[in-house]
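So you can see what is in the structure, the chains are spelled out below.
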Amino acid sequence: MTAIIHPDAGTDRVGEQARYNRARRVRGLSDRSIAWLFVAPTIALLLAINIFPLIWMIRLSFTSLNLSMSYLPTRFVGLDNYSDILTDEDVWARLQTTASFVICSVALQVVIGFGLALLINRQFRTHSFWTTIILLPMMLSPAVVGNFWTLLFQPQIGPFNYVVGLLTGIPPSSFSMTGEVALAPWTIVLVDTWMWSPYVMLICLAGLRSIPDYIYEAAEVDRASSLRQFWSITLPMVMPFLMLAVLFRAIENFKMFDMVNLLTSGGPGSTTELVSITLKRAAFEKWRTGYSSALAIILFVTVFGAANIYVKVLNRVKQR
Amino acid sequence: MTVAAKSTAHSVVEASPRGKAFAGAIVTLYAVIAILPLLWIAATAFKSQSDAIAYPPKVIFQPTLEGYVNLFTVRTRQTREFIGNLPPATTWYDRLVRQHDMVIAGPSKVVPRFINSLVIGFGSTFLAVLLGTLAAYAFSRFRIPLADDLLFFILSTRMMPPVAVAIPIYLMYRQLNLTDTKIGMILLYTAVNVSLAVWLLKGFIDEIPREYEEAALVDGYTRLQALRKVVLPQAVTGIAATAIFCLIFSWNEYAFAVLLTSGDAQTMPPFIPFIIGEGGQDWPAVAAATTLFVIPIVLFTILLRRHLLRGITFGAVRK
Numbered sequence: 001m002t003a004i005i006h007p008d009a010g011t012d013r014v015g016e017q018a019r020y021n022r023a024r025r026v027r028g029l030s031d032r033s034i035a036w037l038f039v040a041p042t043i044a045l046l047l048a049i050n051i052f053p054l055i056w057m058i059r060l061s062f063t064s065l066n067l068s069m070s071y072l073p074t075r076f077v078g079l080d081n082y083s084d085i086l087t088d089e090d091v092w093a094r095l096q097t098t099a100s101f102v103i104c105s106v107a108l109q110v111v112i113g114f115g116l117a118l119l120i121n122r123q124f125r126t127h128s129f130w131t132t133i134i135l136l137p138m139m140l141s142p143a144v145v146g147n148f149w150t151l152l153f154q155p156q157i158g159p160f161n162y163v164v165g166l167l168t169g170i171p172p173s174s175f176s177m178t179g180e181v182a183l184a185p186w187t188i189v190l191v192d193t194w195m196w197s198p199y200v201m202l203i204c205l206a207g208l209r210s211i212p213d214y215i216y217e218a219a220e221v222d223r224a225s226s227l228r229q230f231w232s233i234t235l236p237m238v239m240p241f242l243m244l245a246v247l248f249r250a251i252e253n254f255k256m257f258d259m260v261n262l263l264t265s266g267g268p269g270s271t272t273e274l275v276s277i278t279l280k281r282a283a284f285e286k287w288r289t290g291y292s293s294a295l296a297i298i299l300f301v302t303v304f305g306a307a308n309i310y311v312k313v314l315n316r317v318k319q320r
Numbered sequence: 001m002t003v004a005a006k007s008t009a010h011s012v013v014e015a016s017p018r019g020k021a022f023a024g025a026i027v028t029l030y031a032v033i034a035i036l037p038l039l040w041i042a043a044t045a046f047k048s049q050s051d052a053i054a055y056p057p058k059v060i061f062q063p064t065l066e067g068y069v070n071l072f073t074v075r076t077r078q079t080r081e082f083i084g085n086l087p088p089a090t091t092w093y094d095r096l097v098r099q100h101d102m103v104i105a106g107p108s109k110v111v112p113r114f115i116n117s118l119v120i121g122f123g124s125t126f127l128a129v130l131l132g133t134l135a136a137y138a139f140s141r142f143r144i145p146l147a148d149d150l151l152f153f154i155l156s157t158r159m160m161p162p163v164a165v166a167i168p169i170y171l172m173y174r175q176l177n178l179t180d181t182k183i184g185m186i187l188l189y190t191a192v193n194v195s196l197a198v199w200l201l202k203g204f205i206d207e208i209p210r211e212y213e214e215a216a217l218v219d220g221y222t223r224l225q226a227l228r229k230v231v232l233p234q235a236v237t238g239i240a241a242t243a244i245f246c247l248i249f250s251w252n253e254y255a256f257a258v259l260l261t262s263g264d265a266q267t268m269p270p271f272i273p274f275i276i277g278e279g280g281q282d283w284p285a286v287a288a289a290t291t292l293f294v295i296p297i298v299l300f301t302i303l304l305r306r307h308l309l310r311g312i313t314f315g316a317v318r319k
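Protein chains in written order, with my numbering: chain R, 1 to 320; chain E, 1 to 319.
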């Protein structure tokens, strides 16, 4: 047996000992206390800014508090706010609008994003440059995006209507993308798709690149057609990634406020009034704090519940 | 010989040249169409008021800096004689404004709003990354009871719709006199960003081999020294990427800003839509503000290219 002995080992004993002693002293902080010391500030901040307000909001949701009429005594109303909301047809209509928006926009983003990912994965020359260009919209501020698309959608002066006019022959000033009941829901879907298809694309691309080449090589040996390869290799292997993208997009779009608020602010009428906009109106325009707290809780439970179910499904897909 | 022959044969994994050309054409077409709205805005910033609202929309126009001048100034309309009696314009922007029978009355609010965006953005990013690094290190290296539950709790705070979060925050801030203050916004954005920071940084720190620190500990370093001298230098890229993601979030955030600020702490996103000129939105000025606001994001996106995937999936997908 050979041991590697450091040449200075004998002479440096004293120094070693001193260093070790000093280390021990400073080490007074055990790993355990360091762990708590490091985690505590984050948890404390989240308790103060997220959890405490949440608990406060749950309490408020059982009251009649209205900030525009704060001279009225705040009464405890039990579950009245909740039953008001759940029996209100308008709220259900807003939830339906939101659901349609989420489903249409996410579906379009999946088709476009996955399609782009498949094409980019062919690694043509300059693919990395164009990928970066394609990714830009999703990095922008949704509010600023909503705002500048209102310029692009102006019936007279906007380039969008003009181009549509050139392509279809419809007079550009005869329709308004943000002002017509029939078009406005599609307008918010369109802008959201423009902004977020790259997101799905990027995640799908990671999925495609995670498939090892040898699987395709084996399929080729077995003379599987390329359609067959797509259905039985590419799609199942990308599926967990795709579902992750869908989960993230669906949650984000369920919460959607900024882009739509600036693009249509819920109009015309209430055709694009997503539930976040309803909530904002109840809380910050009508100042019905008790009522809007209850609505906020309902939304939170919905997102949370849906996300949990989805994550379970996702894990099952991953295991396969 | 068969191996060599195979390498020159058509690869099953790589697309054929025709397939590549087709893919390239479609992707390029999509990219060009997708980028056009942004280019249109950048161009509108250099249009005159009348060119910006011309029909049909103008692609070729005489560029002018009017939009930028209007963005940074407040102007009043005056009579020709009044302007004639003024001392001659000394600067190019004075001259530009006077051509339209206007006089510059003072600076606009855009600079304070821009500074707010910077202060709140950098303040919240610094705090979130600081707290996030400590927590991520602890989650990565120590046994913490219920670690998975805590991590999920940290993430779940981000699932709340911002408008829903804003309701109790508004009430709380009113009590604490934090409404429309920079410090209030910094705390709020830190709380939102810290969840991202913890999740991303935990991923980055997990990738640094423990052996490095253990060697340092054996050498007599304390935990904190090992963190500072061994782990942090290794994690620097990850920390920078995380910081940029936090900065982008704070920079772009609108819902909290519009609901909780009105003046002193207002950032750019709620401000830009309200840049108005005579009779409606001053589109060249709005476009100028949008351009200036978006340029940093474009640069960051290019810088972040390699870490983008991690950032947008909370570290769930790495490459």
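Just so you know, the hints here were simulated from the structure itself, not pulled from any lab data. Because the structure is a prediction, the values reported are computed rather than measured. In this text, a Cβ means the ideal position worked out from N, Cα and C, and glycines have one as well. One thing to keep in mind: the hints can contain errors.
[Unchecked claim] Here are some of the chain R residues that sit facing chain E, going by a computed Cβ distance under 8 angstroms:
hint	residue
1	N66
2	M69
3	F148
4	I251
A quick look at each hint next to the structure:
| no. | hint | in the structure |
| --- | --- | --- |
| 1 | N66 | 13 angstroms, violated |
| 2 | M69 | 15 angstroms, violated |
| 3 | F148 | 5 angstroms, holds |
| 4 | I251 | 6 angstroms, holds |
Violated hints for the displayed structure, listed by number in ascending order: 1 and 2.
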